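Visitor: Each protein sequence line maps, in turn, to chains A and B.
So in my numbering, the last one in the first sequence is 252, and the numbering has no gaps at all.
So in my numbering, the last one in the second sequence is 154, and the numbering has no gaps at all.
Hints are not guaranteed to be accurate.
To be verified - The following residues of chain B were derived to be distant from chain A, with all beta-carbon distances above 12 Å:
(1) Y21
(2) E105
(3) T133
(4) K138
Claimed, not checked - Restricting the straight-line Cα-Cα distance to at most 20 Å, the calculated cross-link-like pairs of lysine to aspartate or glutamate (EDC-like) are:
(5) A:K182 with B:E95
(6) A:K182 with B:E131
(7) B:K63 with A:E242
(8) B:K64 with A:D241
(9) A:K182 with A:D239
(10) B:K63 with A:D241
(11) A:K191 with A:D241
(12) B:K64 with A:E242
(13) A:K182 with B:E56
(14) B:K130 with A:E183
(15) A:K182 with B:D14
Calculated directly from the structure, the hints in this document are not laboratory data.
The structure displayed is predicted, hence computed values, not measured ones.
Don't be surprised by glycine CBs; every beta carbon is placed ideally from N, CA and C.
So the chains spell out like this:
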Amino acid sequence: MLTVLFFGQLKELLNTTELKIEGEYQTVAELRQQLQKKGENWQEFLAHGRALVAVNQTMSNEQSVLSDNDEVAFFPPVTGG
Amino acid sequence: MTHFTHIQVQNEDFDFAAEYQKLRDSSNSDGAIVTFVGLVRDTNLEQDVTGLFLEHYPAMTKKSLQQIVEQARQRWPVGSVTIIHRVGQLNVSEQIVFVGVTSEHRQAAYHANEFIMDYLKTQAPFWKKESTTQGDKWIEAKQNDHQQAKKWE
Chain A
172 MLTVLFFGQL KELLNTTELK IEGEYQTVAE LRQQLQKKGE NWQEFLAHGR ALVAVNQTMS
232 NEQSVLSDND EVAFFPPVTG G
Chain B
2 MTHFTHIQVQ NEDFDFAAEY QKLRDSSNSD GAIVTFVGLV RDTNLEQDVT GLFLEHYPAM
62 TKKSLQQIVE QARQRWPVGS VTIIHRVGQL NVSEQIVFVG VTSEHRQAAY HANEFIMDYL
122 KTQAPFWKKE STTQGDKWIE AKQNDHQQAK KWE
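I would like the entire structure built from these sequences, with the hints used as guidance.
Guide: Pasting the structure below:
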């Protein structure tokens, strides 16, 4: 089971803080594609390039491999400092 | 006294003088200390800012800042490093972030401090939401910040 988190404005746009996802996803790309099917908002705001991704608290990319019990976070480009 | 890396993410304000003193006390062989402080500005893109909310990804922030410091250490002979980043609700003119670096000679401290800020601005999981006289607004990442970070590649 994957834990999927959302931060920043993305959390508001998707009206979701956290999801628990069952099923097998080999890569971030596969997971992203599946989540985008949830609706128009998801299709648009979760698009590659609009939403960055971290796997187990490390910045990752579309090819990053996922394992069971991983924590995946999606968020807008960061604006700290 | 030994060199340290001190990373703190907190809502409370930090004491600049105290942080500087800790860096200073950490070594007698370091001849340089370079510090940066980021503040909440009262205007952004011509709107009056009344406050700032800093959201963050708690499990990732410290880890991300540690990785940035490790990269700085690989590139330059840096002594002690302190990063303090505030989160939560802040008012105009308040301190947001402190980055302090020591080194034997000034080049390493100057470069490492700039590097740490450039990478923090593009990699560390914080997001700013401004309150303005015209409502709340999430700040958008700046192209300029990404270009600044690229110069280190």
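Visitor: If we take the beta carbon of K138 of chain B, is the closest beta carbon in chain A still more than 12 Å away?
Guide: violated, 9 Å
Visitor: Is the straight-line distance between the alpha-carbon of K63 of chain B and that of D241 of chain A 20 Å or less?
Guide: holds, 19 Å
Visitor: Using Cβ atoms and 12 Å as the threshold, tell me whether Y21 of chain B really stays out of contact range of chain A.
Guide: holds, 19 Å
Visitor: Looking at E105 of chain B again, its CB stays over 12 Å from all of chain A?
Guide: Nearest chain A Cβ is 27 Å from E105 of chain B, so the label holds.
Visitor: Mind checking the alpha carbons of K63 of chain B and E242 of chain A for me, to see if they're no more than 20 Å apart?
Guide: holds, 16 Å
Visitor: When you check the alpha-carbon spacing of K182 of chain A and D239 of chain A, does it fall within 20 Å?
Guide: With Cα atoms ~23 Å apart, K182 of chain A and D239 of chain A exceed 20 Å; violated.
Visitor: CA of K182 of chain A to CA of E56 of chain B, is that 20 Å or under?
Guide: holds, 11 Å
Visitor: Sort out whether E131 of chain B lies within 20 Å of K182 of chain A, counting only the CA atoms.
Guide: holds, 16 Å
Visitor: Is the hinted pair K130 of chain B and E183 of chain A satisfied, with a Cα-Cα distance of at most 20 Å?
Guide: holds, 12 Å
Visitor: Is K182 of chain A close enough to D14 of chain B, meaning Cα to Cα at most 20 Å?
Guide: Violated, at about 27 Å.
Visitor: Is the straight-line distance between the alpha-carbon of K182 of chain A and that of E95 of chain B 20 Å or less?
Guide: violated, 26 Å
Visitor: Going by Cβ atoms, does T133 of chain B stay more than 12 Å from chain A at every point?
Guide: T133 of chain B is indeed farther than 12 Å from all Cβ atoms of chain A, at 15 Å.
Violation of the numbered hints given earlier is confined to hints 4, 5, 9 and 15; the remaining hints are satisfied by the structure.
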